[in-house]
Amino acid sequence: MHIPDGFLSIATVATTYAVSAGGVGNAVRIANRKLGEKQVPLMGVLAAFIFAAQMLNFPIAGGTSGHLIGAALAAILLGPWASVLIMSCVLLAQSLVFQDGGLLALGANIFNMGIVASFSGYYLYRLAVSLLGDGRRGRLIGGFVGAWGSVFLASIFCAIELAVSGASPIAAVLPAMAGLHALIGIGEGLITGAALSLVLVARPDLLQLQKI
Amino acid sequence: MKWWYIALVVCLLVAAFSPLASSSPDGLERVAEDKGFLVLAQDAPFQLIADYAFPWIENEAVATILAGLIGTLILFGVVYGVAWLVKSRRQDPAM
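Respectively, the protein sequence lines represent chains A and B.
Residues 12 to 223 in the numbering used here are what the first sequence spells out, letter by letter.
Residues 80 to 174 in the numbering used here are what the second sequence spells out, letter by letter.
Bound conformation, chain B alone (with noise of 0.2 Å):
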């Protein structure tokens, strides 16, 4: 078995355990209220997993789970690919 399975599992189990998270404002947000900012944020032109809740979903943490799940999943698929694209085509007996 490849080692990189096993890491991907650890990933996705990370990423079961973000109901967890603490739902306070984060550090930036925080500033932002602080200083009297936070009413310039502008919400997206659209929204496919917003805030990192999967739509549809009664139950919260089934849909950050299911949010957390695929997202892990797509950020291996994408990146393991652009890497595969722009890695170098020479051999190099030093790798």
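Looking at chain A on its own, in the form it has when it is part of the complex (with noise of 0.2 Å):
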């Protein structure tokens, strides 16, 4: 979903610049506040992990694929602010060095796929914990549901910032990019509850640091 130059408006690259910028400040200003020795490494290898596996493209039906965006997956474990922080890196690299993601549609896709992907998919995640219960159970139908709700709200606001740009219509853009991302969703869902299983058999500790 990662948006190359050309797409937006710029009206709508200053919007999301500065939105996204405020957004970061405030990651920033509160993981100084909160964030703590022992998530140091977990952010770091965070980050690591969702960069690997964001080139694992898997395809999806009719010709197209998605891949992981992690955000999810992030703010479970993290939190969203430190989400935030961590998909702000992943998708400066990504545009800088890998050409993945336009310079100018850098703000938007912070804003889709951090800022939005990482406050859906933690609160989702975080209302079915609380009418599920925090077991095992719980937790992974809450990563499955924070994840593909992620994907699928980020893919709504790329519709929108789209069709204000004026690149299509919100009329065909919008139900065409929420299909796709529906069904992408469901591979984000079962990634982010591998994922999740895993932490939960090896270190189920870290699910019980501060959320920041």
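Treat the hints as calculated values from the structure; they're not laboratory data.
For clarity, every value in this text was computed on a predicted model and none was experimentally measured.
Positions of the beta carbon are idealized from the N, C-alpha and C atoms, including for glycine.
There may be inaccurate statements among the hints.
[Unchecked claim] Calculated from the model, a selection of chain B residues having no Cβ within reach of chain A, i.e. all distances over 12 Å:
hint: 1; residue: D113
hint: 2; residue: W135
hint: 3; residue: I136
hint: 4; residue: N138
hint: 5; residue: V141
[Stated by the list, open to error] In the DSS-like style, the derived pairs of lysine-lysine whose C-alpha atoms are separated by at most 25 Å in a straight line are:
hint: 6; chain 1: A; residue 1: K49; chain 2: A; residue 2: K222
hint: 7; chain 1: B; residue 1: K166; chain 2: B; residue 2: K81
hint: 8; chain 1: A; residue 1: K45; chain 2: B; residue 2: K166
hint: 9; chain 1: A; residue 1: K222; chain 2: A; residue 2: K45
hint: 10; chain 1: B; residue 1: K166; chain 2: A; residue 2: K222
hint: 11; chain 1: B; residue 1: K81; chain 2: A; residue 2: K49
hint: 12; chain 1: B; residue 1: K114; chain 2: A; residue 2: K49
hint: 13; chain 1: A; residue 1: K45; chain 2: B; residue 2: K81
hint: 14; chain 1: A; residue 1: K222; chain 2: B; residue 2: K81
If you follow the hints, you should be able to join the two separate chains into one complex; please do so.
In structure tokens form, the structure reads like this:
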């Protein structure tokens, strides 16, 4: 879902850069208050995992592929603001070094895949866990639901940005984006669930860290 | 041995599988193609390791794996460093 340069209007570029800059600034401020020694290596590992896993496009219907975003997983383990920091670094590196996602579109990409995906993934997970309990079952279902919702919502915001930029009318781009990402979200949900169940087996204490 | 040494090795293994990834267009690219606005896409003003393939390497799989390993290490290093810089200096017994 990395938007290249050329799709977004100057107004959309400016607005999304401003919102994302504010979000990242707030994430730094909150991390500065709450982030502890123990979370530092987990932040690094999650960034490395998200980058690596994003390279593994999986096929969905009709000659289309999708890949993990990873924001839901990071937000579930570390909290939404820490996830915003991780996703911003991943997206910045992808744009600067790998030419994936435009430099002007970086604000929008951080907004969609960083801010929207982290917060929606985190709160959908929390909602599911509060309904189903924080046992293994509740956490895995919560992880799937949070991950699916994070992709679906990010794609809706992406479609809105494309539409207000004049790239494509909203009636065309919104259902197309939401429909495909409802499928890609299933992949996100399965990978997030698998990663969470690995953490639950290997290092269940990581799920108890203070959320940032 | 610290747990995250093992976790980092797992991430590098994931990156090593990158040549197996589907090369079909992703969701956004597919929509851009179908709705006719893919032509608006502009190339980046400069290219380092564009399209996740390390330049000057003929073998596509090797170029992709190398790009994946480099990116994975860059992200671990950068985010570890950022987290270390912004982390709270206050000692919190709860953590």
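Hints versus structure:
no.	hint	result
1	D113	6 Å, violated
2	W135	16 Å, holds
3	I136	15 Å, holds
4	N138	17 Å, holds
5	V141	14 Å, holds
6	A:K49 with A:K222	12 Å, holds
7	B:K166 with B:K81	20 Å, holds
8	A:K45 with B:K166	7 Å, holds
9	A:K222 with A:K45	8 Å, holds
10	B:K166 with A:K222	13 Å, holds
11	B:K81 with A:K49	12 Å, holds
12	B:K114 with A:K49	47 Å, violated
13	A:K45 with B:K81	23 Å, holds
14	A:K222 with B:K81	22 Å, holds
Hint check: violations occur at hints 1 and 12; the rest are consistent with the structure.
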